[in-house]
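K.L.:
Sequence:
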Amino acid sequence: MKPRFTHGTELDAYLVFTQPQLVNSIKNPIPDCNLEHYPENPSHTRAIRIYGDTAHQNALETLQTLLENNTIRWVELGMRGYAMMEGKREYRPWRKNIHLTRAAFLALTVVEAETRYHAPL
Numbered sequence: 005m006k007p008r009f010t011h012g013t014e015l016d017a018y019l020v021f022t023q024p025q026l027v028n029s030i031k032n033p034i035p036d037c038n039l040e041h042y043p044e045n046p047s048h049t050r051a052i053r054i055y056g057d058t059a060h061q062n063a064l065e066t067l068q069t070l071l072e073n074n075t076i077r078w079v080e081l082g083m084r085g086y087a088m089m090e091g092k093r094e095y096r097p098w099r100k101n102i103h104l105t106r107a108a109f110l111a112l113t114v115v116e117a118e119t120r121y122h123a124p125l
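Start counting the sequence shown at 5; every next residue gets the next number (this note's numbering).
Bear in mind the hints are in silico, worked out from the structure with no lab data behind them.
Because the structure is a prediction, the values reported are computed rather than measured.
A few of these clues could be false.
Now the in silico label distances, taken between C-beta atoms and shown as ranges [as the list claims (entries may be wrong)]:
| no. | residue 1 | residue 2 | range |
| --- | --- | --- | --- |
| 1 | S47 | L112 | 20 to 28 Å |
| 2 | S47 | A87 | 36 to 44 Å |
| 3 | G91 | T113 | 20 to 28 Å |
| 4 | E94 | P24 | 30 to 38 Å |
| 5 | N62 | M88 | 35 to 43 Å |
| 6 | A111 | V27 | 26 to 34 Å |
| 7 | H11 | K100 | 34 to 42 Å |
For every residue, glycine included, the Cβ atom is placed at its ideal position computed from N, Cα and C.
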């Protein structure tokens, strides 16, 4: 029997590319998560959102690599808290927002639950 009430966190990341990407050429950098495109026009995408249940450490390392390679110029990353009630996922509001420089984001080693990290570059 499944518990009626559980809670946890899931990845919620928004990435803006340095240059618009062809829609068909974008591969999900974190394959076990969902991907949403934010198109600039019918053939190119400027930004994506990645969300889902995954290990935050793997996601952080992947996003730091994309930033180091200048693939992306802006990232918002967080492990969003939720509660499962009667089979429905209810999201909790972010507890805090932390704005980081590029160097600080690249040096980040831990992502706190329910905290959103912004790295505007």
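K.L.:
Quick check on a hinted range of 30 to 38 Å for E94 and P24, using CB atoms only.
P.N.:
The hint (30 to 38 Å, Cβ to Cβ) holds, given that E94 and P24 are roughly 35 Å apart.
K.L.:
Is 26 to 34 Å right for how far apart the beta carbons of A111 and V27 are?
P.N.:
Since A111 and V27 have Cβ atoms about 33 Å apart, the given range 26 to 34 Å holds.
K.L.:
Using the C-beta atoms of N62 and M88, is the stated range 35 to 43 Å upheld?
P.N.:
Since the Cβ atoms of N62 and M88 sit about 23 Å apart, the hinted range of 35 to 43 Å is violated.
K.L.:
Holds or violated: 20 to 28 Å for the Cβ distance of S47 and L112?
P.N.:
violated (34 Å)
K.L.:
If you check the beta carbons of G91 and T113, does the distance land in 20 to 28 Å?
P.N.:
Cβ of G91 to Cβ of T113: about 35 Å, so the range 20 to 28 Å is violated.
K.L.:
Quick check on a hinted range of 34 to 42 Å for H11 and K100, using CB atoms only.
P.N.:
violated (18 Å)
K.L.:
Given the range 36 to 44 Å, decide if the beta-carbon distance of S47 to A87 lies inside it.
P.N.:
holds (40 Å)
Violated hints, listed in ascending order, are 1, 3, 5 and 7; each of the other numbered hints is respected by the structure.
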